[in-house]
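This is what each chain is made of:
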Amino acid sequence: MRESLVLLAGQLVQMVLVVLIAPGITGVVRRVKARFMRRRGAPIIQPYLDLIKLARKESVIAENASWLFRGAPYAIFAFTWVAAALVPTFAAGLMFNWAADVVALVALLGAARALLALAGMDIGTSFGGIGASREMMIATLAEPAMLMVVLTLALTAGTTRLPEVASFLISAPFAVRASLALALFAFLIVALAENARIPVDNPATHLELTMVHEAMVLEYSGRHLAMIELAAQLKLVLYLSLIICLFAPFGKAAAEASPLIWALGATTLFLKLVAGAMMLGAWEVSIAKMRVFRVPEFLGGAFVFAFIAILLAFLTGEALQ
Amino acid sequence: MRLRLDPLAAFFGLIVNIGVAAASVYGLGLDRDHELSPRVEPLFPAFAAAMNLVLIADDVYSFLFFWELMSLSSWALVVARHDDPANRHAGHVYLVMAAIGTMALLLAFAGLAGGAGDLAFASLRAAPRAPYVAGLVLVAALVGAGSKAGLAPLHAWLPLAHPAAPSHVSALMSGVMTKVAIYAVIRIIFDLLGAPAWWWSLPLLALGAATAALGLLYALFDNDLKRVLAYSTVENIGVIFVALGLALAFRATGLEGSAAVALAAGLLHALNHSWFKSLLFLGAGAVLHATGKRDFDGLGGMIHNMPKTAAFWLVGAMSIAALPPFNGFVSEWLLFQAVLTGPSFPVPVLRFLSPVVGALLALAAALAAACFVRAFGVAFLGRPRDPATANAHEAPRAQLIAMGALAALCLAGGLFGGVIVQIIKPILVAFAGAALPGMDAGPTPFSLVAFSAARSTYDAPTVAAFLLASGCLSTWCAHRLSSRRTRRAPAWDCGFPEPSPRTQYTASSFSQPLRRVYGGLLFGAVEKVDMPAPGDARPARLTVTLRDYLWEWFYRAPARAVSRVSLWLDRLQSLPMRDYLLMMSGALIALLLVAAGLS
Chain A
6 MRESLVLLAG QLVQMVLVVL IAPGITGVVR RVKARFMRRR GAPIIQPYLD
56 LIKLARKESV IAENASWLFR GAPYAIFAFT WVAAALVPTF AAGLMFNWAA
106 DVVALVALLG AARALLALAG MDIGTSFGGI GASREMMIAT LAEPAMLMVV
156 LTLALTAGTT RLPEVASFLI SAPFAVRASL ALALFAFLIV ALAENARIPV
206 DNPATHLELT MVHEAMVLEY SGRHLAMIEL AAQLKLVLYL SLIICLFAPF
256 GKAAAEASPL IWALGATTLF LKLVAGAMML GAWEVSIAKM RVFRVPEFLG
306 GAFVFAFIAI LLAFLTGEAL Q
Chain B
2 MRLRLDPLAA FFGLIVNIGV AAASVYGLGL DRDHELSPRV EPLFPAFAAA
52 MNLVLIADDV YSFLFFWELM SLSSWALVVA RHDDPANRHA GHVYLVMAAI
102 GTMALLLAFA GLAGGAGDLA FASLRAAPRA PYVAGLVLVA ALVGAGSKAG
152 LAPLHAWLPL AHPAAPSHVS ALMSGVMTKV AIYAVIRIIF DLLGAPAWWW
202 SLPLLALGAA TAALGLLYAL FDNDLKRVLA YSTVENIGVI FVALGLALAF
252 RATGLEGSAA VALAAGLLHA LNHSWFKSLL FLGAGAVLHA TGKRDFDGLG
302 GMIHNMPKTA AFWLVGAMSI AALPPFNGFV SEWLLFQAVL TGPSFPVPVL
352 RFLSPVVGAL LALAAALAAA CFVRAFGVAF LGRPRDPATA NAHEAPRAQL
402 IAMGALAALC LAGGLFGGVI VQIIKPILVA FAGAALPGMD AGPTPFSLVA
452 FSAARSTYDA PTVAAFLLAS GCLSTWCAHR LSSRRTRRAP AWDCGFPEPS
502 PRTQYTASSF SQPLRRVYGG LLFGAVEKVD MPAPGDARPA RLTVTLRDYL
552 WEWFYRAPAR AVSRVSLWLD RLQSLPMRDY LLMMSGALIA LLLVAAGLS
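Residue numbers (our numbering), protein chains in the order written: chain A, 6 to 326; chain B, 2 to 600.
Treat the hints loosely; a few may be bogus.
25 Å max Cα-Cα, derived SDA-like pairs, lysine to any residue [said to hold, decoys possible]:
#1 A/Lys58 / B/Trp477
#2 A/Lys294 / B/Ser484
#3 A/Lys38 / A/Leu54
#4 A/Lys38 / A/Leu56
#5 B/Lys529 / A/Ile248
#6 A/Lys58 / B/Lys529
#7 A/Lys58 / B/Cys478
#8 A/Lys58 / B/Gly405
#9 A/Lys38 / A/Trp267
Source of the hints: derived by calculation from the structure; they are not laboratory data.
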């Protein structure tokens with residue numbers, strides 16, 4: 006009993022920590038981008054200030070908004086948050102990790118995306134529709150690619166549960182596996198697309214020809230917008246920690262370890278997240294936004310890489326049983 | 002006539018009768034003067050009874066008799082409103098396909114029975130047969146039952162006939178009758194045909210995976226709410242066929258544990274699909290009743306006038322898109338677990354095929370989400386596209402009860418999938434050779450474990466509890482810590498709101514990016530822009546043409562060949578007497594020669 010309470014406490018601490026650092030990671034990305042552009046840039050805590058500002062303002066809702074429009078931000082946040090809780094961040098084997106596996110993780114993110122697209126269509130403006138339509142088109146390529154990537158890893162590790170995959174990858178003798186390299190490549194493309202980053206989408210623009218994510222949330226304001234922004238920031242942390250967990254898993258604490266080791270694990274993870282955010286910022290300033298109809302080719306590449314990866318894993322890998 | 006009820010028949014009986022019950026309750030709310038007629042009322046119970054009787058038939062004669070009864074009663078329901086030429090066309094296509102299907106089933110049973118002549122299922126099971134006969138029976142069974150279920154390329158009648166029937170019958174045909182066809186596949190291939198060979202799974206896997214991906218692409222490019230639902234049935238049938246194919250392959254190669262997971266996925270998906278597809282069809286029927294429209298271009302904003310129907314439909318849409326915590330995800334999850342054991346196939350072809358199938362399933366799941374975001378978003382959200390629909394009314398109470406019950410089942414099936422898997426254990430043992438390997442290994446009684454707890458778990462109640470808790474927590478925080486002021490104002494729309502609802506995204510514009518990605522190769526999609534010259538005041542036009550290659554190759558080409566041959570044979574009808582005499586003597590000589598050659 007006491008043990009499971011500790012695990013639950015660890016889970017809750019992890020969930021709260023992830024939300025707390027999420028805006029900071031976005032702040033790091035923005036800061037790095039600004040410095041590369043030789044601007045001073047906003048302070049790293051700016052996203053926190055933005056969220057507080059949004060929360061203080063009144064929420065202006067379109068006259069014909071339905072209950073779905075008002076409820077969606079909280080549901081989107083909840084789905085994203087629970088998905089983030091599934092990723093073993095600083096400690097493996099926490100309370101919630103056994104409840105669902107990577108397939109469920111992909112599906113939870115899919116649910117959040119579907120709700121966001123529906124919220125975009127609720128007011129009946131052309132921008133909302135354009136965003137929802139493009140988002141779902143991107144998803145039809147990115148989601149199967151992501152599923153195949155995680156299944157490739159699951160095949161290699163012999164389990165679809167993330168903590169076991171991570172601990173397998175830590176303990177397994179280091180070897181360059183072709184399927185894992187392809188999977189990483191595909192996963193990076195998917196992560197860029199899913200987080201609405203350059204070259205698929207530009208989080209800093211409201212130009213109608215290019216926007217996807219921003220077009221869907223155009224009608225939101227106040228606390229609703231704060232919720233959606235926080236969910237998007239959380240999703241970025243989720244993807245970064247998923248990449249870290251799967252492809253750079255060293256330095257993670259075990260669930261039953263002492264709080265000191267947990268703290269050490271959390272510090273390592275934090276440093277890795279900041280490094281990932283800096284790399285993302287550097288990537289974003291080094292490449293231009295793509296035309297929307299070039300995106301399917303880009304993501305089709307991810308799909309093909311992921312497919313080759315899973316094919317290799319099936320044909321060369323050890324049987325699971 | 003022999004009848005018996007075994008666990009498999011009982012499970013499918015559950016599917017049939019829950020669907021029938023929901024459709025009947027829904028039917029109480031129908032308009033007695035316009036929607037029900039003497040053409041519908043007596044045939045509805047006949048249709049329901051026929052489906053039940055197919056399940057408990059225990060010999061070939063009664064099976065085929067009840068099968069035909071099911072086909073004909075549903076055909077009569079399809080043509081109940083025969084004053085619409087489209088419905089007559091649908092009825093015609095359906096009748097032809099049903100006749101072909103029954104003939105194929107007849108051939109399948111002939112192959113099963115051999116020359117012995119005993120038509121009881123028990124003696125069919127015991128009869129020895131050569132491998133090539135088994136292959137022919139497999140093909141005939143797939144044509145016969147697959148045409149009823151909607152396996153591509155035999156699916157073309159579904160999107161015509163299912164929407165043509167009254168909505169509660171559409172729900173039965175799409176949600177339930179296709180499951181009776183799945184039952185026939187399981188009964189013939191898993192039960193009567195004897196010990197499986199691995200290559201039997203190839204047609205099921207290939208056709209199933211192709212059907213799954215193709216069905217959704219059809220659905221994404223269609224603009225009729227009920228037809229979209231029928232095409233999505235095609236997709237789900239493909240998923241079930243993939244699960245059955247995997248179960249067959251695992252069973253044949255001695256991997257009983259994986260076979261149990263795959264078969265459980267197939268059975269569970271059949272059950273789940275009967276719930277959410279019935280729900281979606283009933284909801285579409287309520288919208289049709291309230292507005293008189295099922296075309297996306299005439300709908301929009303139904304969530305304001307029909308909030309409860311919209312909420313139930315959203316549950317159905319999330320279930321069918323395999324999103325947790327609803328039931329569609331449970332069967333999808335089990336299926337992926339089964340696909341993941343593909344590397345243990347001893348046969349290289351299957352080892353190669355399973356990731357291909359897995360990729361197509363993943364694609365189908367993502368396309369399903371896009372398809373139902375489009376369907377719900379265009380029909381229920383936004384502003385009414387047609388002023389006539391603006392004063393639509395909420396569905397009557399009986400219909401709401403039927404839809405609400407199905408929506409509750411979708412949620413319950415999502416939460417307690419582990420319990421259902423326990424219940425169907427006898428079927429798994431009988432037809433896959435084992436129960437789920439990790440059945441009792443879960444940390445709680447409700448968690449679903451495919452193989453072992455260390456390998457994969459899905460504990461839906463915990464996930465749902467975390468979802469609920471974090472949703473409530475975030476709502477509470479947002480209302481406690483931030484400003485609760487809310488103001489209604491005109492839509493912002495980047496500063497240029499356009500009052501006309503025609504500027505909204507339509508269903509066609511929603512699928513336009515997808516059409517550009519997937520439509521060119523598979524549907525020969527061509528977009529033509531007619532841009533007037535500068536100074537010309539006429540509006541620019543965009544026309545899109547899509548080609549249905551399957552219809553052209555598998556339906557129109559044979560139909561044309563048949564009519565050409567019959568035109569040619571028509572000449573035999575009016576020959577002079579001497580030509581007939583000549584033909585008769587020629588036939589006699591030919592037969593004598595054959596007889597001489599044989600002896």
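Status of each hint after checking the structure:
1. For the hint pairing lysine 58 of chain A with tryptophan 477 of chain B, the CA-to-CA distance comes to about 18 Å; that is within 25 Å, so the pair holds.
2. As the CA atoms of lysine 294 of chain A and serine 484 of chain B are separated by approximately 36 Å, the hinted pair breaks the 25 Å bound.
3. Taking the CA atoms of lysine 38 of chain A and leucine 54 of chain A, the gap is about 19 Å. The hint holds against a cut of 25 Å.
4. Distance check on the hinted pair: lysine 38 of chain A and leucine 56 of chain A sit about 20 Å apart at the alpha-carbon level, within 25 Å; holds.
5. At most 25 Å may separate the alpha-carbon atoms for a hinted pair to count; lysine 529 of chain B and isoleucine 248 of chain A exceed this at roughly 43 Å.
6. For the proposed pair lysine 58 of chain A and lysine 529 of chain B, the alpha carbon gap of about 48 Å is over 25 Å, so the pair is violated.
7. Under the criterion of a C-alpha separation no larger than 25 Å, the hint pairing lysine 58 of chain A with cysteine 478 of chain B is consistent with the structure, at around 15 Å.
8. Using a Cα cut-off of 25 Å, the hinted pair lysine 58 of chain A and glycine 405 of chain B is violated, with the two alpha carbons roughly 41 Å apart.
9. Distance restraint check for lysine 38 of chain A and tryptophan 267 of chain A: the Cα-Cα separation of roughly 31 Å exceeds the 25 Å cut-off, and the hinted pair is therefore not satisfied.
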